[in-house]
Structures are given as C-alpha cells and as structure tokens.
Amino acid sequence: MAETKEKSETDEKPKPRVRPIVRLGIFLISHSFLVSVVCCSAGVLALFLLPVLAKNTYISENALMPGSASPMLSNQHISNGNRLVKDLTGSKLKSSETGIESQRIIAQYMLDLGAEVSFHKFHPQLNQFHPLHFFSTPDSGIMQENYSCSSYGINTVGIIRAPRSDGKEAIILVTPYNTLKSGLGEALSVGIAYSVFSLLTQVTWLAKDIIWLVADSRYGEYEAVAVWLRDYQTPKFSSLSTINAEMCPDINNLYELNVNSIAGSKFSNSFRRAGTMAAALVLKVRDQSEQFEDTISIYAEASNGQMPNLDLINVVNYLAVHRQGLRVKVEKLWSLLNSSWLRNLGEIFESLGKVAKSLNPEWKFGIPATEYVEGIATLASSLYYQALGVPTGPHGAFRDYQVDAVTLEILPRFSSDKVRRNDILLRGGRLIEGVIRSVNNLLEKFHQSFFLYLLTSPSKFVSVGVYMIAFALLIVPLPMVAASLYVDASSLGNCSKSDNSTTSAITNTDERGITVRSWRWLNSAKLVFVVHLWGAIVSLLPYFICQIPDCSPTTSFMIWVLLSMLSLLALYSVLASPLSYAEASQEKEWAFVKSVTISSVFIGLGLMSVINFATAEIGALLMVPMCLLARPLKLDIRAGTLRSFSRIICNLVLGLIAFPPAAFFLLKGMLDDFGSLNAVDFWMWVESLWAWNSATYLFIGMVHLPCWVLCIHILLHTC
Amino acid sequence: METFINSKAFFKLLLLPCLLLYSSIAYNSSSVGATMHTNNWAVLVCTSRFWFNYRHMANTLSLYRTVKRLGIPDERIILMLADDMACNTRNKYPAQVFNNENHRLNLYGDNVEVDYRGSEVTVENFLRVLTGRHETAAPRSKHLLSDEGSHILLYMTGHGGDEFLKFQDSEELQSHDLADVVKQMKEKHRFKELLIMVDTCQAATLFNQLQSPGVLAIGSSMKGENSYSHHLDSDVGVSVVDRFTYYTLAFFERLNIYDNASLSSLFSFYNPSMLMSTAYYRRDLYQRHLEEVPVTNFFGSVMETIHTDAAYKPLSRKNSGRLETQMSLDQTLLHVERRTFINVNDRDEMQDINVEGKQAASKCPWSTFYSKLQKIENVDSLVNYGLVAMLPFLVVSTWLLQ
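Heads up: the sequence lines are chains A and B, in that order. Its first residue numbered 1, the first sequence is counted upward by one per residue in the working numbering. Its first residue numbered 720, the second sequence is counted upward by one per residue in the working numbering.
Where hints are given, some of them may not hold.
Partial selection, computed: residues in chain B whose CB lies under 10 Å from chain A [to be verified]:
#	residue
1	F769
2	N810
3	K811
4	G956
5	S958
6	S984
FYI, nobody ran anything at the bench for these hints, they're computed from the structure. These numbers were taken from a predicted model, which means no experiment stands behind them. Glycine residues also receive a C-beta, built at the ideal position from the N, C-alpha and C atoms.
Please construct the entire structure, taking both the sequences and the accompanying hints into account.
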C-alpha cells in the first residue's frame, strides 16, 4: 500500500488505485496452477476428513422429549397383535384368492378397536419417462382413465381420532403388506402395528390423529404409498373412483361384507382423511436374517437426496438403543470395510489426533481407525444413495410432500419360536409407540435440526456447513483457471499482432480487429453450447425409445447409443465444426474452448449442488481433475518431456474414468464383482433414474456428458 | 357512698392524663421506623408455555398453593400463568397438574384463580402489574394494590439467560427492565419490602441492575449455571418440577402459619449439590438481618402484633399536629385495647383526618412536649417511669380521702 501511495504522489497522472480484492483476484488468477493443485487436493482430503469431523447427534427440538414417558404397551396388546398375525397367516391357507380375505380381516380388527376404516382402491401406474416431471409434484389421477379390474390394489386405512385435539395433524404408520404372497415378516409388521394401534385407541394423551395404512404392496411398496398419498393430498371432486370401485365386483363384494357384518360401524366407502402429516413411519420386518442380535436398520434417503429432519432419525436411534436395546444400523458400503488403504489412512488420522491431543488436551478429533473405516463406509453409502436420487423405501413418497418419514426395518435374530416372536412384537411395538408419543409432543413441524446432512454412523452426522467445504474447495479453482486461460489466450493473440501496429497510429481496421479478437471466445461458446444441446437431446432420446413397442433393454440401449453418436456427428459437423470457421482457428483456440468449458462446468456443478449436493460432489470429483488437466495431446507429444508424458497418461486415464458409463461400470465392478457386468446394466440403471425423476439423470445428460465430450475435443484438438 | 363516687370520679380524672400520655407514646412508637408492615402480596409468574415446559407451571402452582396455605388470600395473589397444561391434549390426566410423580397432590384443584392467562402473560402486562399503570379497562382483581406497608413476594420461573428472562418464547424481560420497574415501585411507595425469587437458568444475573433499597433477591443459579429439573414423571412423560422450587417447597411443607423459621434458615436450606446449581442471594439492598425475618413475612401473611388503644384509627403518620383529634377520640376511651393490625386500606379516610390534623396543629399545647417525647428512644422505660410517678399521686389521693 505504501508503495502505491508513493507512486501516486510522484506520478503526475495518478493511476486509479486498485482495490485489494481485485488485486487478490489478479494474484490468484496469475497463480492459478498452484491454487488449483492446492485446492483440489485439499478438497479431496477434506472429504476423507469428514468422518473425523462428524459430530454426535443430539435431539435439537425440546418438545420431542423421546423416552421420557414409560411405554404403555402391555402383554394384552401383544396378544392382540399375535392373534392378528395368526389369523393372517392362517387365512392364507384357507383362501388362495386375490387376497381380499386378509384385507377384510385387518379391516375387521381395526373396526373392533373403534377406529374409522376405509379401503383405498388404486391402479398401479407404470413408471414412465416424463420429460417434464422432474422437480414437479406428482399430479393427481391423470392415468386414472385407463383402469381395468384386473390390476388394482387395495390399501386398508384405519384412523384413530385424537379424543381431545382439534384434528389438524396426523401421524402416519405404514406397513406394506403383500396380500398375494406375504411372508411371516410382513404379517409380523402388521401385528406390531396392530398392537400399537390397539394401545393408541385407549390412551388419553393423543394430540394428533393416527393413521395406519396397510399398503397393498403387490405392485411395489412405494407405488401403493405414493398413490394413497397423492389421493390424500389432492382431493378429487369427481366420483370417478367410486365408479371404478363399483365396476369391479371383487371390491363391491369386499365393501358389502364389511357393511353387512357390522351395521352402524365407522366403516366408510369414501376416502378418509385426517390432518396434515407431522411424520410418517414405515415399518417392515424382514423374514430371514442372519443377525446375532435384534437389529433395526433405518432408511432415510428420499428422492433427489432429500433427507428427513435429523431429529426424526435421532429419536428413532435414541429410543431403539437406549430404551429397547436394539442395535441400529444404517446402510454401509461393505466392500470398503476391508480395504487396507482406508485402514492405513484411519491409522494416520488416529495418530495425528493423538499428537494433537498431547499438544493440547482440548483438541479431541482423533477417532480409532476401525471407527474411521466404518465412518467412511457409511459416509460413502450415504453419499451414494443421496447422489442416486432414488428413494430407498416407501418413505420417499412422503418427502415429496415435505413430510418427514423414515423406513424402519426390523431384522430379528433368526428364530421362529413363539417367545421370540412375542419379544419382537413387544420391542418393535414399544419402539413405535415411543416414536409416536415423541412426535405427538411436537408443536410445530420438524424444523429444529438439520435437513442437509450425511450420516457417518446412526449417531454421528456431518452437517451441511462442514461437507460443503470439501465441495467448495473442489470447484473454487474452476473460475480462476478459466479466467487465467482466457487472459493468456487473449494476450497471446494481442502480442502477435502488436508488432505490426504501433501505438501512435491506431487505424480503423485494428480497432475492429481488437473487437473481433475480444469476441473470439464466442466461437468456443458456440461449440460448448452445441455440445450441451446434444446432451439435452441425448437425455430426451429414451423418451422416444420407450415408445417403441416390444423393445428389449439390449436393443433399446443399442438404439440409444447409436442415435446419440449420430446426433453428435450431425451437430458437430453442421454447427460447431472447426472447418466452418477455419480462418479464425488459431493455435490458442483450445484454450478458449477449455476456458468456456470450465465455466460451464462450474455453473452446472454450482446449480446441481443446490438441487442435490451429493451428486454435485461425486460429479466434481470426476469432472474437476479432468477439466483442469485437459490439454491437447499433440502439444504434449510435441514437447516430449517427462512432465508432458505423465500429463498424457493422466489425461487418458481421467478421460476414461470420467465417461459416465465407464464410471458406472467401474463403480459397480468395485462394489459387486467385475464378472457379473453387463452392458444392459447401464441402461437399466439409467432407466431407474428417469423412472424416479432423479435430477441425477439430468445432471449426467446435460452437464457431465457434454463436459466429457468437450474435454475429449480438447485432447484431440489439432493445434 | 357519695364520697366513693367522688373519689372514683377524681381517680378517673387523675388517670386520664396518664392514659393519654401512654396512648400517645404507644402510638408514636410504631412510626419511629418508616412505615410498618401491614399487608402481604404475591406476584407469581410462569413465563413459559408449551407442553414440554410443564414443570414451570407446576412450579408456579406449587408456590401458589404454599403462599395460600400460609395465609395470603387469593385477592392478594396475582397469578400469571400460560395455563395450557391442565387441558393440554397431551396430558394423560386431563384437568390435573402434578408436581410429583406420586400424583398425591393435584395442584389444579378447585381454587386456582389465574389472573393473567395464556397470551396475557407478556412483559408489558408484567410491568403494568408491578407499576400499577393499568389500562382503564383492567379489572380491579388484576391490580397489584400494594402500598408502602406491603411485603411483596415476586416469584418468576421460566427460561432465562444472562440478564434476561424469556416470556413465552417471544419476548424478553431484561435485568434493566426489572431494576427499573422495582425503582418505580419504590418511588411510588408500592412496597415496603420486596422478595424476588427467580428459578431459571443464570437467575442471578437478573438481579445485577437492582438498586432500590428494601429488595431481597434469591436466584436458583449463578451466571453460567443451569437450573435443572428435579425429576421426570414417566407416566405423564414430562419433568414435573424444578430442583430449586422443589427444595423450596420441601422447606415450606414442614412449616405452618405459626412457625417462626427465618429467611436465613431458608437460604441455608439450599444445598448446591442437591440443586446442581448455586443458589444466589442478593441482600446488600436489604436492611434487616435475615436471621430476624420470619419467612412468613413474605410467603405468608403474618405481621407483627401491635398494641393500640383505638379500634378504628388510622395508622400514624409523622404528623405531630394530629394529636388534638386523637385526644378527642381518646376522651371516651376508658381502657387500653389490644389490637392486631391486619390491613388499613382506606386511604381516603386517612387523608381527611390528615387535613383536620393540620388545622389543629397551631393551637396544640402538647406539641412541644410531644416532639421531645419523640426523641426518646426507649418507650418502655418511659412508661415505667410514668407508672412510678403515679405512685405519689395515689398516695396523696388516698391520704386526702382519709
């Protein structure tokens, strides 16, 4: 500062003083190489540090008070539940018809408790690719017209009205139940829900209504819940559904049975509603499991990486561990547990933590190596499932309506005797009761705790403020490198011209030349735009391919690949071919392309991080090194030094890895087995992505793939 | 027979000045200090609401019950309560509030008069109650009608922090506000002594700004400390009472209205290891020795017993000229009457008499003597001397009669 001051005093025409932030920016841009290396490595390191930085979960909302009330579920309720389980498993032997018998039994049991009961008939909707459905809320009953009596499902809904409340809120309990082929597990889950339900009809402390939905899962668990939710949230004012019901004799039959048997009961044909949903629990019991102790696994990921409020998971975790003595687990990538390099990394962090602690006893960030490896495995799975954008259970349907929901799957210690079954009923029931009572205490929606987090264990989490840093470090170099490339390329062009033109005589043509030169990046932008357009076309192609009847996945995949390549060639040759502006192309052309590419990648990643952070994080890990390193192979070959040679190797490897199908196969091979790989898997995977309206699909099609193509373009650039 | 009557009349005549002297001395003795303690008030405030703050309402209701039991009548208790627990849908026992998991005592019985309820419990209303500056429509039952002879118990519980107390999760009462309102009360002669008892986290910080004399403050915790709940009622599913209040109640449960336990015994009853926080007392503004002040001075309605000779007489003011009126009243009085003051609330009457007294001041021959008497501190000895001085009179009179 002092220097500049002196200068400005001495000079007759003082230079306009450059503000410190601009000077900092110029400094960073001029050292962009160093900055990008440091930032990228720091970003990757920060990602691996996340398990160390994870915090213990805590109940953030005061009103919840989990476990402060002693459970009221008694053996009486358990025997009620057991009775239902017996009836359900027995009825399967009696009648092998369409499963209406079991629906009737459940409804009858609900009515006996004094609950309001109704059936909800629905037609399953096929998962189809709707290009305009991304980010939009599911609409009501568009597909309702082409119903048929042969394919429908029946949800059974029981509602307990809170005796002294205003009925504005409700808690949902969902048990998926496949009426056609249900195992003991599903019957048990219905039994647990029933014993809790029978308790809740007697208690005086309900502040929210209780809805128990027995979802008919013969067309998928998610589908049944999603359709019921859609009908719940978007009231229809036509009588279409009742007409549908009347036209199908089976259902008529079902209704009549109930109405006749219990005259004056609370049974109703129409769709029953309660208040807005405070929270939802989906309960499942797995049939077979090889657990050594009773375990409960929590699934929380909903569409596009949305998570329920952390408080809900905390409540479940707290009650399961500290009240019912169940082991809680969340998904892990098991293959990572055995990797030795992670273990070594964990040991390094552990020893670093010890050193830090010896320096200052207040620094406690070291965690044991085994814990670190488990944390990384859980974190990776958390990232993966969020990045996928596909819900991991029926709870995902609730998240679309901003209702916090989790799926709880009870994995009982394998044994089938009656005592064990009672024990599972009791502990599962008490857990559900505790969670319901805790949510019942809520005064507002869940809002205190985090919505954006990654779990590193059931009781540890990394919040958005921490994991953002890793991503931010990864993408920070992008704008700097883009700017520095642009500056370099333009100045190089200027220098070559400046020999001819003197400062004293600036002619008209030179002025035009400068303006033309300063707009040269537009050519590159055109190329980048065209490639992104191609990306959009590729993303839309499956919609048309799906219209082809009787098309096997293999042929569909082939058609897709072929059409994509054809359209790329066509667009490239017509619009963005270097030949069309041959006279403009110069030796620094690739630098402009790279600069614009990097800018577009930066924008794409930034946008995606808002929509689905995990996708953006994984995408950044793949794309950022590739973008930053991309350099025409020809230049490097010409240089022939060791440095350029290693750069060639890096570029080729990164170019291979970052290709979306290659990345998919690599990941799948690493996680499962390389032997079972099949080209169709990718098609299936992509199909699942668009069927679930995952934004990841759009990201891959419109950001990742174009970026890869552009990088390849740069690599193969003819200088 | 006649002589006997005469002698009796004479005796009476002789006795009169003595009686007058005595009564005037007795009367003045009470006004030697400032004003005497004539009545008790309690302002009990629960500043939180919502189901999970059940314990705060239970705290307040428990204290309400205690001060009522010890003799403060309902019309002298201002109870500010969110009052959303008893009929909360989450309450397993509708219309009942407990402060102990044994459920023996229902605090929400028949006689709970809540003066400020629900959203009326605001900082504004709290300040209005204490300063007595109500809106015109506020009914008299919601006023704190204390005077310069009042002992006031101000009990507050809720969620607090460093120099503030939250009101229903939306407002805050700061220590400056509290100090200011106490100062206003002092200037308006709204209390003689004020005991502020606060059960919140960092309660002691709330007293930092207090300046007014006659204020005694007790807080449940020091700065940086939390006030913890005592126990959880797993049947109702909430904590039902705070530690500080629990032990306060435990202290008072042993007492009845006739007990003479002092404030210092109450203060020493708080055991930091039981409270899990350090109870804090601010006594530098308070003149009396805590050992000499019975707790019933604040938590009950028990006052000193005063000997007076007049049944319907205003309390003394420091106004010497009133003596003539007193004399005229005293003329008819033949024997000394013992009477306990409970309350004098009729200010209008007192003012009338004051005016009368001032008019009579100039023609009173006793006034100089009276002012001298005022300086004599030991009244009892003076009375004794007077009685001894009567003996010669008695001897002379009997001698004359013979």
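Tested hints:
The interface hint given for F769 of chain B holds, since its Cβ lies 6 Å from the closest Cβ of chain A, which is under the 10 Å cut-off. Taking 10 Å as the C-beta contact cut-off toward chain A, the hint placing N810 of chain B at the interface holds, the least distance being around 7 Å. Of the supplied interface hints, the one on K811 of chain B holds, with its beta-carbon coming within about 5 Å of a beta-carbon of chain A, less than 10 Å. Restraint check, G956 of chain B versus chain A: the minimum CB separation of about 3 Å is within 10 Å; hint holds.
Here the hint on S958 of chain B is kept, as its CB sits about 8 Å from the closest CB of chain A, short of 10 Å. Residue-level restraint check for S984 of chain B is violated (minimum Cβ-Cβ distance to chain A is 35 Å; threshold 10 Å).
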